[in-house]
Amino acid sequence: MSSSFNENLRESAVFNLSNAVTMVVDDSPFGLDLTTLALRGFGIQVRYSCFSAADAIKVLGDHQVDLMLVDCEMPGMDGHELVRWVRNSGLEPNAYIPIIMTAAHVRKSKVGDVRDCGANYLVTKPFSPSSLLERLIWVARDTRPFLEVGDYKGPDRRTREGRPRDRNERRSDMIALNNKKARSLAEAIETAEPI
Amino acid sequence: MVVVLRKERKSRLSAMIDQAGGISVGVALAQARANLETLQAQSQTIVAERVAALAALPEPDRAVANAVRAGMENAYEIASAVIDAAGPFELFDLCAVAAGLCDLIDAAQDPERFDWRIVTVHAQSMQLIMSLAPEAVAERAQVLDSLKQVIAKKIPGAEGETDGETPEADPV
Chain B
329 MSSSFNENLR ESAVFNLSNA VTMVVDDSPF GLDLTTLALR GFGIQVRYSC FSAADAIKVL
389 GDHQVDLMLV DCEMPGMDGH ELVRWVRNSG LEPNAYIPII MTAAHVRKSK VGDVRDCGAN
449 YLVTKPFSPS SLLERLIWVA RDTRPFLEVG DYKGPDRRTR EGRPRDRNER RSDMIALNNK
509 KARSLAEAIE TAEPI
Chain H
432 MVVVLRKERK SRLSAMIDQA GGISVGVALA QARANLETLQ AQSQTIVAER VAALAALPEP
492 DRAVANAVRA GMENAYEIAS AVIDAAGPFE LFDLCAVAAG LCDLIDAAQD PERFDWRIVT
552 VHAQSMQLIM SLAPEAVAER AQVLDSLKQV IAKKIPGAEG ETDGETPEAD PV
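Chains as they are written, first to last, in my numbering: chain B, 329 to 523; chain H, 432 to 603.
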């Protein structure tokens, strides 16, 4: 993936997202300004600036949007809940639009929400214009299919091509590994000095 | 049995990105940086205000129910706001301190046993970093190293978790 990122950011590479109908959702006015000005530099005019998930939902019900950037931490309905709502909204085509989430810090308890809400990408801050642009171009060129599996609706979370090892579904390996790590960490915390 | 419904969808974004016109990556980045520079003074003001607010947070009264938890949430939100405002302007040291504080608060399982000096030390470290001259690289590194030791002591395994498996390293 890093090689494709590098290719995306070749100085002379040309891209055109000037017609993208873009929505930014962030409860922080300054955060909203930062994202809007960075996007403007990329030739993208933000059509809808929303300070809350409720504002965004109103717009999404009536207007087609091509790209969303959503802050994770917001009072009331947070970014993860908003993305989940979008994916389950049944709105055509808004339920399938590329969504980039932004976060200053992701709480451990929210890592699962970030993975499972159906966003295309999470950009953690501090982000520079180059890191935002490379993710933006990556998402625009993202060809992963959409999946509906149980409660999950969103882009396929697997990004690598190839056959699963030992004919087992690939994620089951990672789930087992993560469970093992979680158990080790829990044991370490049990014996650690309280914070 | 798990049913997987697979839909091949092509976003409008993917169709428009290669259309005629547009701008080069080099121009886009230069324009974005120029645009963000107009917010730099405002960013510095916000960061200074947030750090001062963090330093001024009183230690919660442990006799009051949920006071510590509320204080921790307040400190977490302020530290997050520092990262928000400082991030695009390459104040990486400041962001690292703020992120470390967020990590420590997030990892605290029992608020009643949370050592409030963690908040105080991080606020003072941010103030110190802000007061240091840009060329004081060694001093900044020393501050960061000291705080890393706090994190390593308080969060077992924290050092090993930043090896590329964090959410920002992969699409979600």
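Please keep in mind that the hints were generated in silico from the structure rather than gathered at the bench. All figures in this text were calculated on a predicted structure; none of them were measured in a lab. Hints are supplied without guarantee of correctness; some may be wrong.
[Unchecked claim] The following label-pair restraints were derived from C-beta to C-beta distances:
1) H:Glu566 with B:Ser437: 22 to 28 Å
2) B:Arg338 with H:Arg544: 47 to 53 Å
3) H:Met432 with B:Glu339: 34 to 40 Å
4) H:Lys441 with B:Ser458: 42 to 48 Å
5) B:Ala514 with H:Pro489: 31 to 37 Å
6) B:Arg511 with H:Leu563: 48 to 54 Å
7) B:Ser346 with H:Ala569: 33 to 39 Å
[What the hints assert, rightly or not] In silico BS3-like pairs for lysine-lysine, Cα to Cα no more than 30 Å straight-line:
8) B:Lys438 with B:Lys508
9) B:Lys508 with H:Lys441
10) B:Lys438 with H:Lys584
11) B:Lys508 with H:Lys585
12) B:Lys508 with B:Lys436
13) B:Lys386 with H:Lys438
14) H:Lys438 with B:Lys509
15) H:Lys585 with B:Lys386
16) B:Lys436 with H:Lys585
17) B:Lys438 with H:Lys438
For glycine and all other residues, C-beta sits at the position ideal for the given N, C-alpha and C.
Review point. Which numbered hints turn out to be false for this structure?
Key: 1, 3, 4, 6, 7, 9, 14, 15
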